[in-house]
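These protein sequences, in sequence, are chains A and B. According to numbering that gives the first Met the number 0, the first sequence is numbered sequentially starting from 0. According to numbering that gives the first Met the number 0, the second sequence is numbered sequentially starting from 0.
The hints are simulated quantities; they were obtained by calculation from the structure and are not laboratory data. As the structure is a prediction and not an experimental result, all values here were calculated from the model. Among these hints, one or two may not hold up.
Taking CB as the label site, the calculated pair distances span [unchecked claim]: (1) B:Pro167 to A:Leu170: 16 to 26 Å; (2) B:Pro162 to A:Leu158: 32 to 42 Å; (3) B:Ala45 to A:Thr145: 37 to 47 Å; (4) B:Leu39 to A:Leu198: 47 to 57 Å; (5) A:Val150 to B:Leu62: 19 to 29 Å; (6) B:Trp80 to A:Val150: 18 to 28 Å; (7) A:Leu126 to B:Phe32: 17 to 27 Å; (8) A:Ser185 to B:Ala9: 17 to 27 Å.
Covered, in the sense of this in silico footprint (three residues per stretch, anywhere, with C-beta under 8 Å from a C-beta of chain B), are these stretches of chain A [said to hold, decoys possible]: (9) 15–28; (10) 99–109; (11) 118–130; (12) 135–149; (13) 160–167.
Where is the CB? At the ideal position from N, CA and C, for every residue including glycine.
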Amino acid sequence: MSTSVNSKRPINSALLIPIGIALNLALGTVVHLLKLPIFLDAVGTIVVTLLGGVTSGIITGVGSFVLAGVLVNPAYPWFSGTQVVIAVFARIVAVRSGYKTVYRRIVFGLLLGVVTGIVSAPVTAFLFGGISGSGASLITAYLMATGKKVVQAVILSGLASEPLDKLFQTLLAYILLRGAPPDILSRFDQDTLKKNGLLK
Amino acid sequence: MITTSSVRVASGLFVVCGALLARRWHILIPALFGLVIFFLATRQFATLRRCAITMTPIVMMFLGIQLMSRVLSSAQFQTPWLTILRLCTLMLAFSYTTVLFEGQDGAEKLIDLGLKNNGLIIALSAISTLPLMQSTARRITEARFAAGFIGRRSIFATATQLPYILGPLFTQALRLAIARSDTWHQRELSHRLQQNLAVIHRSRRVRSYELLTALLPATWIVFIIVTEFL
């Protein structure tokens with residue numbers, strides 16, 4: 000039985016990717032259009048990483064940002080590196096049972112925000128002069144107008160908005176997985192899901 | 000083998016690289032102009048309209064920020080026009096590489112772009128999964144509207160229903176993915192697709208004028224490197 004499930008797993012993971020991309024695009028586009036100072040564009044990446052592993056998570060993140068570059072904002076594909084970092088971080092945390100309790104989810108969600116804020120700052124600062132068209136750019140613009148340098152303003156606005164955003168995303172990803180029936184979840188990476196209390 | 004799609008992807012990448020390398024806004028004008036001409040000549044009006052709709056709020060935001068920086072202090076951004084034009088060029092370049100050829104279906108286009116094995120399966124499932132998810136979301140919204148949970152059919156009212164839609168939509172999408180995975184596994188789809196790749200590639204050989212089109216952005220990059228860096 001276990002052999003047949005394992006032999007189907009690569010295709011299962013491959014078919015997860017469009018679902019993750021759809022999640023990223025649906026939430027990210029709504030938030031982008033409303034110009035909120037958060038992003039909500041990596042929920043799919045976190046979900047797919049937990050279900051299908053880090054490679055599927057990376058493909059989901061990069062794929063959704065390339066697609067968002069065509070459909071939403073041409074600045075998106077240049078932040079693909081951030082999505083790679085999110086997938087790797089989510090995997091490392093998941094392997095260490097980091098999503099098992101609500102306190103761990105809050106701590107690792109905030110930590111993910113700090114990491115992504117630092118990773119995406121150089122792209123925003125050097126490629127787009129501090130403004131990339133997202134809601135967080137308004138905070139950057141305000142800081143720049145008050146006399147802060149571009150890099151300083153971008154890092155500060157990232158650290159102000161990213162931790163809260165990534166906390167929301169981590170919690171939302173967990174709620175989505177928690178709401179999925181166990182018979183469906185059991186078809187994916189069972190070890191990781193059990194470690195994080197998503198499967199018994 | 001060089002195919003028409005791979006030439007188009009290469010041209011798009013040249014334009015993207017040029018847009019990133021250019022440090023003065025007027026250098027981007029030829030690329031922007033060339034891409035608009037291409038879309039007009041090939042009658043891709045819908046693509047142009049979509050680009051314009053996407054770029055309008057971004058440009059408005061840039062102008063608002065510019066105004067805000069002048070009001071709040073004497074500071075001004077050094078490169079707003081360069082950034083705006085860079086974003087416009089990138090948007091058009093991405094659209095240029097992804098526009099489907101007329102009379103060619105999605106699967107053939109993906110194979111033509113060089114996708115194979117799991118990559119092809121992901122892309123094919125995306126083509127079939129996304130419309131299904133869209134229709135499911137619409138069904139849930141309609142049901143909630145009929146039950147009186149949504150007051151009116153505005154975009155904002157629909158957006159507020161997102162938390163209620165996400166859960167069932169995600170579960171159904173996972174169920175569909177597993178069912179599709181089982182079916183494709185039983186039919187040995189990836190193996191059969193692999194066998195057809197060579198046949199499809201042979202029918203998509205590149206023509207000389209398409210290579211000539213790719214030379215234009217390549218020349219533009221050389222021009223940028225010479226003028227900006229040497």
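Against the structure, the hints come out as follows:
no.	hint	verdict
1	B:Pro167 to A:Leu170: 16 to 26 Å	holds, 19 Å
2	B:Pro162 to A:Leu158: 32 to 42 Å	violated, 27 Å
3	B:Ala45 to A:Thr145: 37 to 47 Å	holds, 42 Å
4	B:Leu39 to A:Leu198: 47 to 57 Å	holds, 55 Å
5	A:Val150 to B:Leu62: 19 to 29 Å	holds, 23 Å
6	B:Trp80 to A:Val150: 18 to 28 Å	holds, 21 Å
7	A:Leu126 to B:Phe32: 17 to 27 Å	holds, 23 Å
8	A:Ser185 to B:Ala9: 17 to 27 Å	violated, 44 Å
9	15–28	holds (count 9)
10	99–109	violated (count 0)
11	118–130	holds (count 5)
12	135–149	holds (count 8)
13	160–167	violated (count 0)
Violated hints for the displayed structure, listed by number in ascending order: 2, 8, 10, 13.
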